[in-house]
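S.K.: Using the sequences and the hints, build the whole thing.
Residue numbers in the sequence shown follow this note's numbering, run continuously in steps of one, and reach 346 at the last position.
These aren't lab readings, by the way, just hints derived from the structure by calculation. Check the hints yourself; a few may be wrong.
Straight-line distance between alpha carbons at most 20 Å, and here's what the computed EDC-like set of lysine to aspartate or glutamate pairs gives [said to hold, decoys possible]: (1) K190 to E231; (2) K198 to E322; (3) K267 to E123; (4) K303 to D146; (5) K122 to E300; (6) K260 to D292; (7) K298 to E270; (8) K303 to E123; (9) K303 to D320; (10) K122 to E270.
The calculated label-pair distances, taken between Cβ atoms and stated as ranges, are [stated by the list, open to error]: (11) G273 to R83: 23 to 33 Å; (12) T97 to K325: 36 to 46 Å; (13) P76 to T103: 24 to 34 Å; (14) E321 to P89: 47 to 57 Å; (15) A288 to A91: 15 to 25 Å.
Backbone N, C-alpha and C fix where the C-beta goes; we use that ideal spot for every residue, glycine too.
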Amino acid sequence: MRIAAGLIFASAVSLCVSGAAWAQIPAPAVAAAPQVAPQAAPVPAAAAPTRAPCTNPGALGVARTVEIDTTGGPGFGFEHFKELDFLKDKEVVLTFDDGPWPGNTPAVLKALADECTTGIFFEIGKHATYYPEIAKQVYAAGHTIGTHTWSHATLVNKKLSEDQRKEEIEKGISAVKWALGGVSPAPFFRFPALQHPPEMVTYLGERNIAMFSCDIDSFDFKYHEPKKVMNLIFKGLEKKGKGIILMHDFHKETAALLPDILKRLKTEGYKVVAMRAKAPVKSLPQYDEELMKDVKLPTLSQRPVSSVVTDVSQ
33 MRIAAGLIFA SAVSLCVSGA AWAQIPAPAV AAAPQVAPQA APVPAAAAPT
83 RAPCTNPGAL GVARTVEIDT TGGPGFGFEH FKELDFLKDK EVVLTFDDGP
133 WPGNTPAVLK ALADECTTGI FFEIGKHATY YPEIAKQVYA AGHTIGTHTW
183 SHATLVNKKL SEDQRKEEIE KGISAVKWAL GGVSPAPFFR FPALQHPPEM
233 VTYLGERNIA MFSCDIDSFD FKYHEPKKVM NLIFKGLEKK GKGIILMHDF
283 HKETAALLPD ILKRLKTEGY KVVAMRAKAP VKSLPQYDEE LMKDVKLPTL
333 SQRPVSSVVT DVSQ
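M.R.: Laid out in structure tokens, this is it:
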């Protein structure tokens with residue numbers, strides 16, 4: 033396996049559990065379905081990614097792009113995975129969990145666009161089915177899209193069977209693919225609450241899906257004070273010098289704070305690295321079919337019955 037920059041991947045994935053990460057308070061449970069029904073299936077395909085020319089001469093930008101061969105399920109983020117140290121000093125990867133979500137995800141996209149930079153979005157499957165148009169905006173802007181389960185279930189929950197855990201993973205993949213109009217996301221996955229059941233780590237390895245922990249957790253799901261979140265991020269960077277930063281595009285406070293985070297990264301000399309997959313993930317047909325039970329059948333008409341069906345004889 034390789035990264036475009038030349039990193040040789042180890043063949044085995046090591047799971048190293050950090051007490052701090054295991055003690056995380058999980059992000060809020062997946063939000064309830066919106067009042068408006070999900071967009072009907074099938075949805076139009078997402079527009080091909082395009083990145084507008086950068087018009088900000090002082091932008092943070094993207095220092096380099098690396099390509100990830102996900103064969104065997106490599107793990108990233110030293111909070112749990114210690115083997116793949118590919119970032120140089122002062123390099124960061126920006127990651128966002130729990131979207132797509134109205135208002136907040138578009139605000140995150142704008143902040144990234146204003147600084148001509150990029151991130152990885154780990155989307156919850158249900159949220160993607162609620163707002164496929166926002167998922168497509170993320171893709172069209174050229175960001176990498178990974179997955180974050182179907183319903184944000186914590187997969188170490190002993191009440192879940194192994195089949196139910198697999199369904200959370202696979203249905204999340206199918207949902208994001210559906211939201212993107214058939215475009216498959218990257219084989220990048222992040223466990224909710226950064227809790228990694230060993231059986232599912234093995235399963236993801238068999239599916240050739242990379243796992244993402246983090247190096248710096250913003251704890252923006254726990255703390256909603258901008259100063260607190262900013263301090264946590266930059267104290268972490270000061271200590272570690274580089275790393276994968278975990279944030280949430282689900283939270284409006286994070287969306288509002290992101291422009292200041294990006295400007296400070298630039299001011300302090302940090303550089304953003306983009307991570308791309310060598311090949312997309314392949315969804316499994318049985319979960320594609322299962323997903324359709326949760327999505328309304330297609331309709332293009334919003335007309336009332338009386339305007340569609342008219343008595344012509346009695």
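S.K.: Decide, hint by hint, whether the structure agrees.
M.R.: Structure-based check of each hint:
Using a Cα cut-off of 20 Å, the hinted pair K190 and E231 holds, with the two alpha carbons roughly 12 Å apart. This hinted pair checks out: K198 and E322 have alpha carbons roughly 13 Å apart, not beyond 20 Å. With a C-alpha separation of about 15 Å, the suggested pairing of K267 with E123 holds against the 20 Å cut-off. Between K303 and D146 the alpha-carbon distance is near 15 Å, which keeps this suggested pair within the 20 Å criterion.
At roughly 9 Å between alpha-carbon atoms, K122 and E300 fall within 20 Å of each other, so this suggested pair holds. Note on K260 and D292: the hinted pairing holds, with a Cα-Cα distance of about 13 Å set against a maximum of 20 Å. Restraint check: the Cα-Cα separation between K298 and E270 comes to about 14 Å, which is no more than 20 Å; the hinted pair holds. A distance of roughly 5 Å separates the Cα atoms of K303 and E123; the hinted pair therefore holds under the 20 Å criterion.
Proposed proximity of K303 and D320 is contradicted: the alpha carbons are some 38 Å apart, above 20 Å. Restraint check for K122 and E270: satisfied, since their Cα atoms lie roughly 9 Å apart, inside the 20 Å limit. Checked against the given bound of 23 to 33 Å, the beta carbons of G273 and R83, roughly 28 Å apart, stay inside it. Range check, T97 to K325: about 38 Å between beta-carbon atoms, so the 36 to 46 Å window is met.
The hint said 24 to 34 Å for the Cβ distance between P76 and T103, and at roughly 32 Å that hint holds. Between E321 and P89 the beta carbon distance is about 50 Å. The supplied range of 47 to 57 Å therefore holds. Range check, A288 to A91: Cβ separation about 19 Å, and the 15 to 25 Å hint holds.
The structure is inconsistent with hint 9 alone, although it conforms to all the rest.
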